[in-house]
Amino acid sequence: MTLRATSWAALALIASTACGVAQAQDWTIKFGAGYIDPRATSSTLHGTIPIEHYAGHVTELPGDNRLVVQPQGTVLFSIARKLDDNWDAELVLGVPPKHDVKFKVSSTVKNLAQIPVVNQSTYLTQQTAARVAAQDGQVVATVKQIAPTFFINYKFGDAESRIRPYVGGGINVTMFDADATAAGAKVYNDGKVRIKTSTSFGLAFQTGLIYKIDDHWQASVGWYTAAVRNDITIKTDNSEQKAFYRFHPSVFSAMVGYTF
Numbered sequence: 018m019t020l021r022a023t024s025w026a027a028l029a030l031i032a033s034t035a036c037g038v039a040q041a042q043d044w045t046i047k048f049g050a051g052y053i054d055p056r057a058t059s060s061t062l063h064g065t066i067p068i069e070h071y072a073g074h075v076t077e078l079p080g081d082n083r084l085v086v087q088p089q090g091t092v093l094f095s096i097a098r099k100l101d102d103n104w105d106a107e108l109v110l111g112v113p114p115k116h117d118v119k120f121k122v123s124s125t126v127k128n129l130a131q132i133p134v135v136n137q138s139t140y141l142t143q144q145t146a147a148r149v150a151a152q153d154g155q156v157v158a159t160v161k162q163i164a165p166t167f168f169i170n171y172k173f174g175d176a177e178s179r180i181r182p183y184v185g186g187g188i189n190v191t192m193f194d195a196d197a198t199a200a201g202a203k204v205y206n207d208g209k210v211r212i213k214t215s216t217s218f219g220l221a222f223q224t225g226l227i228y229k230i231d232d233h234w235q236a237s238v239g240w241y242t243a244a245v246r247n248d249i250t251i252k253t254d255n256s257e258q259k260a261f262y263r264f265h266p267s268v269f270s271a272m273v274g275y276t277f
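Quick note: to get my numbering, add 17 to the position in the sequence shown (first position is 1).
Hints are computed from structural coordinates only; laboratory data are not their basis.
Fair warning: there could be bad hints in the mix.
Within a straight-line C-alpha distance of at most 27 Å, the following computed DSSO-like cross-link-like pairs (lysine-lysine) qualify [as the list claims (entries may be wrong)]: (1) 115 with 203; (2) 213 with 119; (3) 213 with 161; (4) 172 with 203; (5) 209 with 172; (6) 172 with 119; (7) 99 with 203; (8) 252 with 161; (9) 203 with 119; (10) 213 with 121; (11) 213 with 203; (12) 172 with 229; (13) 121 with 259; (14) 209 with 115; (15) 161 with 259; (16) 213 with 115; (17) 127 with 252; (18) 172 with 213; (19) 229 with 119; (20) 127 with 203; (21) 229 with 121; (22) 259 with 127; (23) 161 with 99.
Simulated restraints, written as ranges between beta carbons of each label pair [stated by the list, open to error]: (24) 246 with 121: 15 to 25 Å; (25) 231 with 124: 55 to 65 Å; (26) 175 with 199: 49 to 59 Å.
Even glycine gets a Cβ: it sits at the ideal position worked out from N, Cα and C.
Work the whole structure out from these sequences, hints included.
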């Protein structure tokens, strides 16, 4: 299932659930900008790496090498159904942002890249480490994420209040679609790099402030986070590495809403 198809399926399922439990007839749609700080550094990459100048042969990747997902902006939108004057059910979606992923090479690999060459073995070790170390800090992959999140929100104050703080809790689903860059291919020099990631399900929390402009229009600012865990498998023609992300992203939003 594609990311787009998954998002529409999630929207249809959760919106229909909200309709089933809602008693009031008020809907609110919101549209705006979001800034996503993943705060996501992977665990150590474990596995093998192709040996330089020795086709078909691999060695264990030494050291504490990691992948770091970079922040990105996106367009956010949501749909909410009023349950009563204080409670609502909300589905938050967004245009799937594409995050750069940078390679953080360990000091172990960098030191191996500088070792004196005294024989064929140290030459191959030095050359392999130098190939990997050359991509330190480079964007080795891009990931497109989709993260539909369903919240039950509580709004403080009464329905006529101009300013209403809110808090919400719910469920998040996060999926990554990852592709290696040219720099990522250079890390391995071993044919096409294939990246597979798992889907995460976790609890989510949000808080924010709503400013009521009139009976239909509103402006809001908010922040939400979720518990996310993704497993990663990276394969080339002759090597395989595994790692995982366990993180709590920060998503900041500024949105305009319309109630009908």
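Going down the list of hints, with the structure as the test:
A distance of roughly 21 Å separates the Cα atoms of residue 115 and residue 203; the hinted pair therefore holds under the 27 Å criterion. Restraint check for residue 213 and residue 119: the C-alpha separation of about 17 Å stays at or below 27 Å, so the hint holds. Distance restraint check for residue 213 and residue 161: the Cα-Cα separation of roughly 12 Å lies within the 27 Å cut-off, and the hinted pair is therefore satisfied. With a CA separation close to 51 Å, the supplied pair residue 172 and residue 203 exceeds the 27 Å bound.
Between residue 209 and residue 172 the alpha-carbon distance is near 50 Å, which puts this suggested pair outside the 27 Å criterion. A C-alpha spacing of about 39 Å is found between residue 172 and residue 119, which places the hinted pair above 27 Å, so the restraint is violated. The suggested pairing of residue 99 with residue 203 is violated, with an alpha-carbon distance near 52 Å, which exceeds 27 Å. Distance hint between residue 252 and residue 161 is fulfilled; the C-alpha atoms sit about 19 Å from each other, no more than 27 Å.
Between residue 203 and residue 119 the CA atoms are separated by roughly 13 Å; this keeps the pair inside 27 Å, and the hint holds. For the proposed pair residue 213 and residue 121, the alpha carbon gap of about 19 Å is at most 27 Å, so the pair holds. Only pairs whose Cα atoms come within 27 Å are accepted, and residue 213 paired with residue 203 is accepted, the gap being roughly 18 Å. Annotation: proposed proximity of residue 172 to residue 229 holds, straight-line Cα distance about 12 Å (limit 27 Å).
Between residue 121 and residue 259, the direct Cα distance comes to roughly 15 Å. Compliance with the 27 Å bound is thereby established for this hinted pair. Our distance criterion of 27 Å between C-alpha atoms is met by residue 209 and residue 115, whose separation comes to about 20 Å. The straight-line distance between the Cα atoms of residue 161 and residue 259 is roughly 19 Å, inside the 27 Å bound, and the hint therefore holds. For the hint linking residue 213 to residue 115, the alpha-carbon distance of about 16 Å falls within 27 Å, and the restraint holds.
With a CA separation close to 23 Å, the supplied pair residue 127 and residue 252 stays within the 27 Å bound. Our distance criterion of 27 Å between C-alpha atoms is broken by residue 172 and residue 213, whose separation comes to about 40 Å. For a cut-off of 27 Å, the pair hint linking residue 229 to residue 119 is broken: about 41 Å separates their Cα positions. Restraint check for residue 127 and residue 203: the C-alpha separation of about 16 Å stays at or below 27 Å, so the hint holds.
For the hint linking residue 229 to residue 121, the alpha-carbon distance of about 46 Å lies beyond 27 Å, and the restraint is violated. Using a Cα cut-off of 27 Å, the hinted pair residue 259 and residue 127 holds, with the two alpha carbons roughly 21 Å apart. Among the hinted pairs, residue 161 with residue 99 is inconsistent with the structure: their alpha-carbon atoms are about 31 Å apart, more than 27 Å. One distance hint, 15 to 25 Å for the beta-carbon pair residue 246 and residue 121, holds here, with the actual separation near 20 Å.
In this structure the supplied range 55 to 65 Å holds for residue 231 paired with residue 124, their Cβ-Cβ distance being about 59 Å. In this structure, residue 175 and residue 199 meet the distance hint of 49 to 59 Å, their C-beta atoms being roughly 57 Å apart.
When held up to the earlier numbered hints, the structure conflicts with 4, 5, 6, 7, 18, 19, 21 and 23 and fits the remainder.
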